[in-house]
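Student: Read off the chains here:
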Amino acid sequence: MSTANGTMTRGNGKRALKLLIVDDSSIMRRRIERSQQFEELELVGTAGDGLQALELFRRTDPDLVTMDLTMPQMDGIECISRLVALKPAVRILVISALADKATAIEAMEQGANGFLHKPFTDRQLNEAIAELIR
Amino acid sequence: MLQEQELKTFVEGTTNFFEVAAQQPASIGSPYLMETAPAVHEYTGIINISGKREGVVYFTAPKAMLTVLLMKMQENDFSHETMRDLVGEVANTISGNARRDFGRDFVISVPSVLTGERPEIPQKPGIRSFVIPINWRSHSAKLVVSLT
Numbered sequence: 001m002s003t004a005n006g007t008m009t010r011g012n013g014k015r016a017l018k019l020l021i022v023d024d025s026s027i028m029r030r031r032i033e034r035s036q037q038f039e040e041l042e043l044v045g046t047a048g049d050g051l052q053a054l055e056l057f058r059r060t061d062p063d064l065v066t067m068d069l070t071m072p073q074m075d076g077i078e079c080i081s082r083l084v085a086l087k088p089a090v091r092i093l094v095i096s097a098l099a100d101k102a103t104a105i106e107a108m109e110q111g112a113n114g115f116l117h118k119p120f121t122d123r124q125l126n127e128a129i130a131e132l133i134r
Numbered sequence: 135m136l137q138e139q140e141l142k143t144f145v146e147g148t149t150n151f152f153e154v155a156a157q158q159p160a161s162i163g164s165p166y167l168m169e170t171a172p173a174v175h176e177y178t179g180i181i182n183i184s185g186k187r188e189g190v191v192y193f194t195a196p197k198a199m200l201t202v203l204l205m206k207m208q209e210n211d212f213s214h215e216t217m218r219d220l221v222g223e224v225a226n227t228i229s230g231n232a233r234r235d236f237g238r239d240f241v242i243s244v245p246s247v248l249t250g251e252r253p254e255i256p257q258k259p260g261i262r263s264f265v266i267p268i269n270w271r272s273h274s275a276k277l278v279v280s281l282t
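These protein sequence lines are chains X and R, in that order.
Under our numbering, think of the first position of the first sequence as 1, with each following residue one higher.
Under our numbering, think of the first position of the second sequence as 135, with each following residue one higher.
Some clues are possibly wrong.
[As the list claims (entries may be wrong)] Listed next, with one range per pair, are the computed distances between beta-carbon atoms:
hint : chain 1 : residue 1 : chain 2 : residue 2 : range
1    : R       : VAL202    : X       : ASN126    : 34 to 42 Å
2    : X       : GLU109    : R       : THR170    : 45 to 53 Å
3    : X       : GLU33     : R       : GLY237    : 30 to 38 Å
4    : R       : GLU251    : X       : GLU109    : 42 to 50 Å
5    : R       : ARG234    : X       : ARG59     : 30 to 38 Å
[Stated by the list, open to error] Covered, in the sense of this in silico footprint (three residues per stretch, anywhere, with C-beta under 8 Å from a C-beta of chain X), are these stretches of chain R:
hint : stretch
6    : 147 to 154
7    : 195 to 209
8    : 212 to 220
9    : 224 to 234
Hints are computed from structural coordinates only; laboratory data are not their basis.
The structure displayed is predicted, hence computed values, not measured ones.
Built from N, CA and C at the ideal position, the CB exists for glycine as well.
Isolated chain R (complex conformation) (with noise of 0.2 Å):
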C-alpha cells in the first residue's frame, strides 16, 4: 500500500513539472485521502501502474488550465486533441520522474485520456487513492495517485 511519506514523489514531481514547464510554480496543497468517487475536470490523462506497484496515476485539468497551460509552452495549437495531448504528458511527465524513488520496475503506460467530467477511471478495489490539489495561476487541478 502506498505509504504517505512516498507521495513526496509525486509533490516534488509535480511542483517541478509547473516550474519548468510551465515557468510559474504552482501551489501544491496537502494530500488528501479520496473517500468518495473522484470530482474529475474535463480532460483526465491516465497512467496505469504495473510492476513492482499496481495501479493509476491520473491528472485532471479544467480546459480554461490547459489552455494556458498551453499559451505558457509557446503552443499555439489549442485544439481538442492537443489539449488530450497536453492532459496525457503532463500525467506522463510526473509518473516517469516517480522512477527516480521507485526505480525501474515502477512500469508505466502509455497515457490513455479521458474527457468529460464523469469519466469511469480505472481503479483496483481495496486500493488507498491519494489526492494532491494543484493551484496555479487561477485554476485548480488534481494529481490522484492511486497504487498498491
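Looking at chain X on its own, in the form it has when it is part of the complex (with noise of 0.2 Å):
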C-alpha cells in the first residue's frame, strides 16, 4: 500500500524497503527476485544494463539495488558511483562473479556497501541482503 507522500507500507504498518534487481542476465533477475525472502522488500524495478538502473532508479528512488557489475551499456562500477551521487543513502549490495579483491574493493569506495559472488546459494543471497537492510 502506499500513503499519501508515495512511501509503501506493508499491513503491519512498517515502511517497505523498495528494491531495484540489476542484471544483464534475465535468469539471474529472476533468481534473485524469487530466492529472496524479506517480506519488508518491494521490488520497484528490473534493469538489465547501468544505462537502463539509473532511468529506473530516478523514477523509483529504491532503498536497496542489486548490481551486477559485467554488463553491456554502463558497467556496474559506474552506475554504483552515479546511483550514490543522486542518493547517498542507498544500500548496494554487488552480485557479481569477478572474483579477485581489487575489484570488491573498488566496489566499495565508490559506494557499495556489500559483495556477493556468483554462483551463490538462496541461503548466502539472504544472508548478504540481511546484512545491509536491518
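Join the two chains into one complex using the hints; note that each chain is given alone, in its own frame.
Tutor: Okay, here's the thing in C-alpha cells:
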C-alpha cells in the first residue's frame, strides 16, 4: 500500500524497502527476485544494464539495489558511483562473478555496501541482503 | 601462453558452478589440447579476454543439458532466449571467478552467444586451446580455454 507522501507500507505498518535488481542476465534477475525472502522488500524494477538502472532509479527511488558489474552500456562500477551521487543513503549489494579482491574494493570505494560472488546459494543471498537491511 | 597448471583455476570454477548453481556436482574430465576445430554443441557462450592475457573462454552445451540445468535452478522459462542467457551466464561466471587467481587485469567481456553446431568461434592463431570436458547427469558439455 502507498501513503499520501508516496511511501509504501506493509500491512503491519512497517515501511517497505524498495528493491531494484540490476543484472544483464534475465535468469539472474528472476533468481534474485524469487530467492529473496524478505517481506519488507518491495520490488520496484529490474534493469539489464547500467543506463536502464539509472533511469529506473530516478523514477522509483529504491532503498536497496542489487548490482551486477559486467554489463553492456554502462558497467556496474560506474553505475554505483552515479546512484550514490543521486542518493547517498542507498544500499547497494554487488552480485558479480568477478572474484578478485581489487574489484570488490573498488566497488566498495564507489559506494557499494556488500559483495556477493556468483554462483551463490539462496542462503548466501539472503544473508547478504540481511546484512544490508537490518 | 597458458600453462597447464593455470587450467586448475578453470576446472575449479567449473566444479564450483555446478555444485552451487545446479546443486549437483559435475564430473570434470582431464583437460586436453585441442588439435582440430572444436566440436561445439547447440549453444555456446563466449567471453573475450583482454588485459594481461588475451583470447577467449567459451562454454558449449547441448539444449537438453541447459534445460535440466534451468529446471535445477527453479527456472520456468525454457525459451531459446533463456538458453542463450544461461550459456552466456555460465561462461561469464567461470571466467569472472578466474580473476581470483589471475587478478583484475584479466578483463572479461560481456558474453556473446552463438547457436548451432558449426559456429565461427573467434580465435587467435598460434594460441593453444585447452578443452575441459564436463559431464553432468547424463549430459556432456565443454569449457574451452584459449589464452596467451
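Student: Hint by hint, note whether the structure agrees.
Tutor: Verification of the hints:
1. R:VAL202 with X:ASN126: 34 to 42 Å: Since R:VAL202 and X:ASN126 have Cβ atoms about 25 Å apart, the given range 34 to 42 Å is violated.
2. X:GLU109 with R:THR170: 45 to 53 Å: holds, 47 Å
3. X:GLU33 with R:GLY237: 30 to 38 Å: Cβ of X:GLU33 to Cβ of R:GLY237: about 33 Å, so the range 30 to 38 Å holds.
4. R:GLU251 with X:GLU109: 42 to 50 Å: Cβ of R:GLU251 to Cβ of X:GLU109: about 45 Å, so the range 42 to 50 Å holds.
5. R:ARG234 with X:ARG59: 30 to 38 Å: holds, 36 Å
6. 147 to 154: It holds, with 3 qualifying residues against the three required.
7. 195 to 209: holds (count 4)
8. 212 to 220: Answer holds; 4 residues pass the 8 Å Cβ test.
9. 224 to 234: Contact hint for the stretch 224 to 234 of chain R vs chain X: holds, 9 residues under 8 Å.
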